[in-house]
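There are 4 protein chains.
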Amino acid sequence: MIIAMKPAASLREITAVIARLEDLGVTPTVSKNEDATIIGIVGGRKGLELAPVAQMPGVAQFVETQSPFKRVSRDYHPEDTVVRAGPLTLGGGGFAVVAGPCAIESEQQIQDVAARVKALGATGLRGGAFKPRSSPYSFQGMGEEGLKFMQRAGKAHGLATVSEVMNVRQIEIMVRYIDVLQVGARNMQNFDLLKELGGAGKPVMLKRGLSATIEELLLAAEYIINSGNPNVILCERGIRTFETETRNTLDISAVPLCKQLSHLPIIIDPSHAAGRRDLIKPLTLAGIAAGADGAIIEVHPCPDKAFSDGKQSLTYEQFGQVMAGVAPLVEAMRGAKS
Amino acid sequence: MIIAMKPAASLREITAVIARLEDLGVTPTVSKNEDATIIGIVGGRKGLELAPVAQMPGVAQFVETQSPFKRVSRDYHPEDTVVRAGPLTLGGGGFAVVAGPCAIESEQQIQDVAARVKALGATGLRGGAFKPRSSPYSFQGMGEEGLKFMQRAGKAHGLATVSEVMNVRQIEIMVRYIDVLQVGARNMQNFDLLKELGGAGKPVMLKRGLSATIEELLLAAEYIINSGNPNVILCERGIRTFETETRNTLDISAVPLCKQLSHLPIIIDPSHAAGRRDLIKPLTLAGIAAGADGAIIEVHPCPDKAFSDGKQSLTYEQFGQVMAGVAPLVEAMRGAKS
Amino acid sequence: MIIAMKPAASLREITAVIARLEDLGVTPTVSKNEDATIIGIVGGRKGLELAPVAQMPGVAQFVETQSPFKRVSRDYHPEDTVVRAGPLTLGGGGFAVVAGPCAIESEQQIQDVAARVKALGATGLRGGAFKPRSSPYSFQGMGEEGLKFMQRAGKAHGLATVSEVMNVRQIEIMVRYIDVLQVGARNMQNFDLLKELGGAGKPVMLKRGLSATIEELLLAAEYIINSGNPNVILCERGIRTFETETRNTLDISAVPLCKQLSHLPIIIDPSHAAGRRDLIKPLTLAGIAAGADGAIIEVHPCPDKAFSDGKQSLTYEQFGQVMAGVAPLVEAMRGAKS
Amino acid sequence: MIIAMKPAASLREITAVIARLEDLGVTPTVSKNEDATIIGIVGGRKGLELAPVAQMPGVAQFVETQSPFKRVSRDYHPEDTVVRAGPLTLGGGGFAVVAGPCAIESEQQIQDVAARVKALGATGLRGGAFKPRSSPYSFQGMGEEGLKFMQRAGKAHGLATVSEVMNVRQIEIMVRYIDVLQVGARNMQNFDLLKELGGAGKPVMLKRGLSATIEELLLAAEYIINSGNPNVILCERGIRTFETETRNTLDISAVPLCKQLSHLPIIIDPSHAAGRRDLIKPLTLAGIAAGADGAIIEVHPCPDKAFSDGKQSLTYEQFGQVMAGVAPLVEAMRGAKS
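Protein chains in written order, with this note's numbering: chain A, 68 to 405; chain B, 68 to 405; chain C, 68 to 405; chain D, 68 to 405.
The hints are all genuine.
Since the list can't tell identical chains apart, any single copy or any two copies may satisfy a pair.
Straight line, CA to CA, 27 Å or less: simulated DSS-like cross-link-like pairs of lysine-lysine:
1. Lys-269 - Lys-222
2. Lys-215 - Lys-372
3. Lys-137 - Lys-262
4. Lys-269 - Lys-185
5. Lys-372 - Lys-222
6. Lys-73 - Lys-137
7. Lys-73 - Lys-372
8. Lys-185 - Lys-215
9. Lys-222 - Lys-185
10. Lys-269 - Lys-137
11. Lys-372 - Lys-137
12. Lys-372 - Lys-185
13. Lys-215 - Lys-269
Since the hints were derived computationally from the structure, they do not count as laboratory data.
Just so we're clear, the structure is a prediction, and the values are computed from it rather than from any experiment.
If we strip away everything but chain A, and leave its shape as in the complex, we get (with noise of 0.2 Å):
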């Protein structure tokens, strides 16, 4: 950490600062030249506050040199990541598909879904049995009654489960049925939650906030790590700006960004991103060649009576024409990278 003081600070305010860190039992280092004094601090106990010497008199400039993160930093652990739950595998090179419904509506819905996704090529089923939802008014989801409809349409057809958890009571009973639980963006800085999942003992998918930047995408995995689980796969899914054309706007440079902060897989979520069916196949592809590991894409066996989001779910049809582009842009992919 590093404190710069404005070039016109007075020897009192300097001497200010300097007294108040030694207070705070760090040892500031001073070095000064014609017309500007830094002062640097090195280490500090965990968790000491030092933002409030920022606004004493004469300070310039607080500048953070250290990262804030640890153990999801490629620093830390210089090789990828790979993600494993079954067929699925995220991280390491390849590209994963998972496929299927916003909510499990019915025994049938998930059976028919998953038997057409993993024939085009999917190896993870999506859906979810509970469901944020912005109005109390809408479809809450099935509950545990679709948490078994679902295990049994995996286990039919060979895919892994991913499937929202949404507060800490639910951990128990999702471990039972899913084999990848994931986090929605409402949830990303649940921070209770992200630390009871650090002993669940599957695999956690963490889909970035609605406004929430990269570090805090990455502090947020930072938690479940540190608690016990290093199975973290993040997903980009959409930030919120102001363009209307689209639900979210997806933004591909996390892709690389993450890839180089961290060892942990990511993939993008094109569906919620763009919240329209008609952008997912261009989303998928400049995921794939952004670097992304893989995509979660919502799959409706008829979109137009789906419960919720079937306004960016794909017909199987659909979605055969995006695994059709999915596969040559991975293989070139595996040329173009140098």
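Chain A is already provided as a structure; the job is to place chains B, C and D on it using the hints.
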């Protein structure tokens, strides 16, 4: 709900939309003129999702004509709701101030703050025992011990206590010690928490999420009221934008908008919005002028030594200066309101 | 300027950075302690770009310690600048109101508005003759004829006239008729226009761009002052965010921030910020409470028949209600300012 | 256009809206069912502003059913527009790369860059002679001399030249030396500039504004086409969001969206979007996968000594690595497009 067909929509496209709607069990009414066809839909069963119809060929626009919220709406409840918690009254024309530290750090600290803010005019005492922190390595709060300290401080000085509840499991313990349960910005769409707070029997202060629209804030309040708790206080605490001079951007327009759309009281949190103490006074006064029912302000015996949020916390002296500005403005607003 | 090296930076990396800086003609000063190296840079020739150094191996942070603006800064000019244009005074403690239609539509319209807003307390008259419109198919303004109407209306009723200049070629004609030249939000970084306004000899009202930071706004003002025109009025008119209830989000914090960073007067434009007339009064009052020097408000004889911006224009009666609230608040603020 | 009345609208309110519309010279058509009234409006004179009607009592929604743009629209011109400037072809299925420095710094520099980027596969040469800079104290460009250098470099190496025009007065000189005139993000809504470029007789590359919606970008293009110049190239260069890891957020969805809505070619500018060189390759490849017609990339002989934008400029070697990835991906996309 209305579906507007494109001027160039074919008869076949129009017929297909009508057929789909009838299929979904609603009765469309069709009106045409020389170059537009409008399909109106009235009612429809709860939770029915018509959005996919918007994707059908020939559809230009899909318009919701009914307000998405009911119980929070001023249409439903024209008079202002007044929320009371002992000495704290929010709504109904006054301007109440809740003050205190970001986090409870010791019994002495919270007792000292309570005495001072009370003397300066506050009627509520804030302080966190469970702290949502971006990093797992930051101070996480004192937990139940802190709640006990806070309860004693509130009672000793005649202040209503306000503290954040972070998950469903904490509700029981919070209710035992605290007068107003706060839902933090990061939990605004933690729907299970909102539902369970419906049965908490204590007022809830609901903070707007960093990237939540006003509609989403009101829908989150709807969850609480719909689950049985009418005593909800809205809190505008800044939204995330591109501007970096302030931690967040206080959306001052949210105050008159919420007043117009809803009967619930709304307060502002200038401390979290600005993230810097030098703006607390002008923002608090702006809140009064915009029609807010109160403000929640961070005050610390020694902000430079605070465990968290010291940068935005006021000293007692600074808080006194804010309160000195509050009284004349509240008085003036009585005349200014037409 | 300071360059902070990563704790793990090698001696070779540190040496390379120092060599590069010397190469660029600056004298770095180096300070080290047990695990950090800080390189300070003082001065450097104008326009020198050191940012690429930030990309060199081992560099953690690159920190600017000097304010990017000079002439707009309060450090440079501690007293408030007061801009005067006949009866209109901005800065120095009062609160002035500029009112009028979005666009000049006829001589009768602008004369009528001038008479009415003057009677209700305005000292400036706004109205566009050249209109920046998103669509080429929208009304583009009356041009020079409109300027003549406006000049006559301003003179007849003792109001300073304010109108937008859209490009460098219009400056000459604008100066002939208008008292205060307005730079629109879309032109805030039209640097050639800013430079030429430096020689205009009339005050300039500079509107903040839709996505401009406060620093960028002040740098834009710096262009004008640096080119010879010290009479610049800043205008906060809302920034673009994800919220859709209002056309833009009035960044009320910009008012006290600009007051702190700069000596220039700052006003708010609640009409363009909100985009709806029902928020004009609370936002104007919030502006006063936040310390603004004035407001610019759209008023139209018959808003429902306006050629543009009718949705946000006030009737005379509504404008009278706003002005009725302004006086007591301005009075109260005299007491509230500590 | 459609006006939907609130379910609770009174007959009087409905009648008032109809009367107002008739007053404005349009013929409304009314349709009612048990609880909603819809008023349709067809046609209306150019520039008619109906928005104020949306403020009348009883009105629920005001819906535009017609596309706001005409000439840029795919409905108007179903086939892809192909823009050609000598060796540079944009649109029609290929992927072209325009490369070069941020600013022209000397004849040697631009000649050297031209030779190298040509050898690596570029068909266009970029470089600024007039630089829009946030600060008046930054390097402002070489002006006409730079244009001459650029013209010679383009001719010598068989590259089309692309350079930014900043104001209406520069068009004449730019046209003399440059093949493609670029409109910068800050000037996207400098409507006078757009109109005059309609008569420039050279293709125009129009960059999306930092906070411009896709609709606004297309309307800006409409200004140019409507003024007589059909050769417009759209450029997605990142939008301003809260994320700070990248300078802007590349909105990759803009590529397929513009392709869908318009017949104009669209390219991406990964250099300005990311603001850092380590993301240029993945973003360029993502652009190809999303369907872009090209990319414009900053390349500098020695980025660390660049006068501007050095942080995001590539060395020749890095540019070579990007180009090595481009070819296989363009090839693969031929197969991936369904």
